[in-house]
Amino acid sequence: MVARRRKRAARDSEERIPSPPGYSGEGLRDAGPGVARLRWEVSRAIPIKFSEKQQASHYLYVREHRVREGAKSSWPQKRTLFVLNVPPYCTEECLARLLSVCGPIRSVELQERPELAEGPKEPKSKFFQPKPVPGFQVAYVVFQKPGGVVAALALQGPLLISTETHPAKSGVHKWIGDYAEAVPDPEALRAEVDSFMQAYDQKVAEEEAKAEEEEGVPDEEGWVKVTRRGRRPVLPRTEAASLRVLEREKRKRARKELLNFYAWQHRETKMEHLAQLRKKFEEDKQRIELMRAQRKFRPY
Amino acid sequence: MEPALDSTGKEGKKKSSKKRTAAGSPVEGFLQPVKLSRAELYKEPTNEELNHLRETESLFHSSLLRLQVEELLKEVRLSEKKKERIDAFLWEVKQRIMQVPSTPETELTDQAWLPAGVRVPLHQVPYTVKGCFRFLPPAQVTVVGSYLLGTCIRPDINVDVALTMPREILQDKDGLNQRYFRKRALYLVHLAHHLAQESLFGSVQFSYTNGCHLKPSLLLRPHGKDEYLVTVRLHPCPPPDFFRPCRLLPSKNNVRSAWYRGQSSPGDGGSPEPPTPHYNTWILQDVALESHVHLLSTTLGSAVGLKDGVALLKVWLRQRELDKGLGGFSGFLISMLVAFLVSTRKIHTTMSGYQVLRSVLQFLATTDLTVNGISLCHSSDASLPAVADFHQAFPVVFLDSSGRLNLCADVTASTYHQVQHEARLSMALLESKADDGFQLLLMTPKPMIRTFDHILHLRPLSRLQAACHRLKLWPELQDHGGDYVSAALGPLTTLLEQGLGSRLHLLAHSRPPVSEWDISQDPPKHRDAGTLTLGLLLRPEGLTSVLELGPEADQPEAAEFRQFWGSRSELRRFQDGAIREAVVWEAASMAQKRLIPHQVVTHLLALHADIPDTCVHYVGGLLDSLIQGLKETSSTGEEALAAVVRCYDDLSRLLWGLEELPLTVSAVQGAHPVLRYTEVFPPAPIRPAYSFYERMQDRASLLPRPDKPCPAYVEPMTVVCHLEGSGQWPQDAEAIRRVRAAFQLRLAELLTQQHGLQCRATATHTDVLKDGFVFRIRVAYQREPQILKEMRSPEGMVSLRDTPASLRLERDTRHLPLLTSALHGLQQQHPAFSGVARLAKRWVRAQLLGEGLTDESLDLVTAALFLHPEPFTPPSSLQVGFLRFLFLVSTFDWKNTPLIVNLNNELTVEEQVEMRSGFLATRTQLPVMILQQLMVLAAEALPVLEKQLMDPRGPGDIRTVFRPPLDMYDVLIRLSPRHIPRHRQAVDSPAASFCRGLLREPGPSSLMPVLGFDPPQLYLAQLKEAFGDLALFFYDQHGGEVIGVLWKPTSFQPQPFKASNTKGRMVVSKGGELVMVPNVEAILEDFAILGEGLVQAVEARSERWTV
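Sequence order for the protein chains is W and B. The UniProt record's numbering numbers the first residue of the first sequence as 1 and each following residue consecutively. The UniProt record's numbering numbers the first residue of the second sequence as 1 and each following residue consecutively.
FYI, nobody ran anything at the bench for these hints, they're computed from the structure. There's no promise every hint is true.
No farther apart than 25 Å at their CA atoms in a straight line, the calculated lysine-lysine pairs in the DSS-like style are these [unchecked claim]: (1) B:Lys225 to B:Lys82; (2) B:Lys1048 to B:Lys1070; (3) W:Lys169 to B:Lys708; (4) B:Lys708 to W:Lys270; (5) B:Lys74 to W:Lys285.
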């Protein structure tokens, strides 16, 4: 019941939804760009609900997307809104619709986790990267103008995901829809495979041509790279191969060694045997101790 | 709990299934690696230490075994302190006995002198008997038996005391017509009456000596806190040399028919009196009490090893329930056997206890006392009877040193065979050098219900009286003094053994328990023993035949055969032209064939022993119904699974023969539970009714319709299709995926073109509809896992490192197919495997734990029951297999030992040792394992189920243990049956469910049915993705209507705000600080939103989530 009471208390202070540290940091506004540290700029918690019927709501935590000075980002500065805790039933279209009141939107992208370092984006293939089951996600919303971000930060909730004019699918209807969507189209798949392979073959051919060109040609310092393709092929540089060589060496050495030849060797093997027995005995004693603790010796 | 199938080996054969759970403390109860300093390891040994180590090497198997044996002996041995207390008590007892006053002489039939409140502990039938009785204090009171020898074991310490009756009490011819036994009983009555008045005793009761109901004994227990310390048993015995030994030979009669049956019946006038071997033996046992003790004390004497050995053997017998009751293989017998082996120099007095145990087991395993009796007697007296004479009178022969007494007189042939069987198993176990041999040999109990494949109860026992008459066992009744249970036992077991023939491996019977009763009560009747329980150990290869082939019709044996089988025997002409007598049992399915013994038993008992089937309670197939489909009650699905496997074989032949495929197929392997016979409910051929579905004509597929109930669930069966290696394969992971996709497309095209099969290709697999079954073919390229593993170091060195993707691929394309084929092979060897595996899986899933344990790991645990059955034999019926599964799960030490399943015996001992130590070494890093929950549930379910099955009045509701406890969950999500496609598979099958869009008759099947569409599973996947770090979800995929939710306590700790950690949480201010806590109210509503249409109600049941 405590939780309910707390909940009610939270609702009473509807206007003062607790925001995360830094999210309510008015004082940071004048820090401006040029601050080396990543700062949480003006931010808000916006309540979001699935529909009117729900009592409780989740909270979207939004702020302006910012990165460290000098770091590159695939999202435009000042125009991108970074949204945390997007519920699983909220799609990109839906988020776009909800935030379009703040200004025209260029793009919305949902991701599983915040993007840390940007890299070249792989082209997405709907055949080879199956659609993941959505959980709570983060979103990057790019507005056409910086004003959109400001408006979004001032947005009052609660936002409704499913309304009468725009019903959102969930549950059985969603699964049926997903199933229908997932029925594959062989022709499209074939087309994609063909185009990929064409590009791949081309790439391989280019690489080979380049390698052939470089074959036997010394570099600036006069070194010649020896490859498998040369006239005298060499061992491939793999771990397994080098291990094999080491193993062979070891065996060769072991064959030459004399065992139990000198008296000290004899003595040492005996001592080694004794030590083994002792070690085993200690181990066994420990096992017995454990078994006794577990009452393993009560036969019935 | 995470799915975990840990395959440590390269080939997928080394599989140790490891169980994980978040519960339990990580360090407690774990083995830590031993660390000894160099100085300690290599210090100079002392003489003592060297001797100890050497002794261990020569006398014991290993040092661990030696320590274990020592611990066990410590546990069962009587402490010196207790011995002193017992000795003091014994001295008191002796004093009290000598003070009992004597009585005047009266006729035996005149029992008016008996004090009130005491009843004679003997059924005096017929009552009239000649002779006089008076009480005189015993001439001698001697302690005999194991207490004196120091071989008695805890618990139940018994001290046997022999009271030598004075010669004046007895008269000539007292050996006749139970006179001696009557006097013996009266002697005890008088003693009991006087001793009961002493305040020294906590309880004074009667019991039967070794269950022999002619020989009561008096039990005395001390008063006060020592009550359970010791039981003193008083056995009156005749003075030495009173009975003439020649009168008590097994061929002699000492119970006259005329006396026993009232009048001599006119028909029997001239016939000789039948011998009474058992009766004679019981008298001889009393006579020989002291000489046996003498023999044992001289042999065991000061040899510590021999005493240890006897104690170990007693534990061994007791774990197998062989030592109790009339005709049990008692501790006394085993001590005498040790004495015999010492006398034949098979055992030396310097041997260790373990060696004695081994030698005795070896002797038992190789010697059949039912054929070649043994004797402790060395005299060559011509007057002594030959061993052969004893074989005629008794099933098992082991003569004592007098040469006249058969120590094994009451032991039935089946009991001895059981002992022999156990000894053989134990020897095999010792030879195999299994790591935990000690545990299996001496610490694992083998109750009947878990040992035998089928069990049958005969009840009520009074029915056996009629059976005795039907079997014409009057002489035996006369010999046993009217004990119809013992009299009928031998002939009944022989009858059943003969009838079950090749189906039977071993038949064992329970021994009537030895009852104790108050001295003021009449002794219990024979029928009060309750039930006679028989255990059948079946031979799987014999179970498949429905035919009992008899002799040819014109042979003389034919009449015998007809007589044995009665009306079931028919004349039949066989394909080879022979006309033979034969019995044919009706059994169409494997499940029914397994129950043919039931038909045989009821038929034979009714025919020959006049026991109607209402008195036979057969426990063999009671659990079958849990893995039966809704409509078929005659089969447990083996046939349906075989049909799928046949269809798969056809498909693999088609794949092999495909033309125009750019590369040839190098292997086709199944990787789905159906193809290893372990799918709980085998798939049925699908016949969709098109009107029930949406149709997607251009892709030849059916789609579910929102306005209809969820369609039938069709799970595609995975088949891995390896293509040959070739230089044409690209060497880049992404490119390989594209080439594989191209192959999937090509495969679909070719199968459609060449064989007219409906196919649907995706990037990773091709679904093929064949004969109503859907197979999912995955093209695989041998080198792909390796390419995924390749890592290039900055210096250009290529090394192989496991990555999640490569591990997954290896599991799917290499390990799973190997496992599937190995288990497929196991099923061919052990036909019960499929049933047991499915029952076990059904139970785990019904407990809502199926999500946490992978299919393969459960199959492997079941496989372990068949591959490493010690100390049992591989199960041949579902019930015993399932009980052992529960036993294994609840008792296995998951914390410290990996369960190694040695499929196809591919693992050497060294490899296993290595795996064990590897397991121990990494143990602390592995997640805390043990299915704490599963262990607890199994430990609870096992006794309940065993009790149900052992209840002769019928098992009651067999599904009890399959119903999950729901009170532990924080939230219950109730689902609507309309969208549960497998609703009918529920443990308690619903009376009505929804139409699932299937036709009864095969219709046109050109469209691909809806595949793998199971709303509860889709819902679960969403829940886990969204709330996996806040809660655990539990669900029974076989028609469960409830999802159980457990909050994770750790994620309910308030946490500081982090961008990566906001999922489903909200910020609250707590004590002036802003922290994140789960937004539980919203999450509970999310449960309903995500499962809209499927979820009926979300019940929050606990307030544990309040922060």
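The hints, checked one at a time:
1. B:Lys225 to B:Lys82: The hint holds at about 12 Å.
2. B:Lys1048 to B:Lys1070: holds (21 Å)
3. W:Lys169 to B:Lys708: holds (17 Å)
4. B:Lys708 to W:Lys270: With Cα atoms ~80 Å apart, lysine 708 (chain B) and lysine 270 (chain W) exceed 25 Å; violated.
5. B:Lys74 to W:Lys285: OK: lysine 74 (chain B) and lysine 285 (chain W) at ~15 Å, within 25 Å.
Hint compliance for this structure: hint 4 alone is broken.
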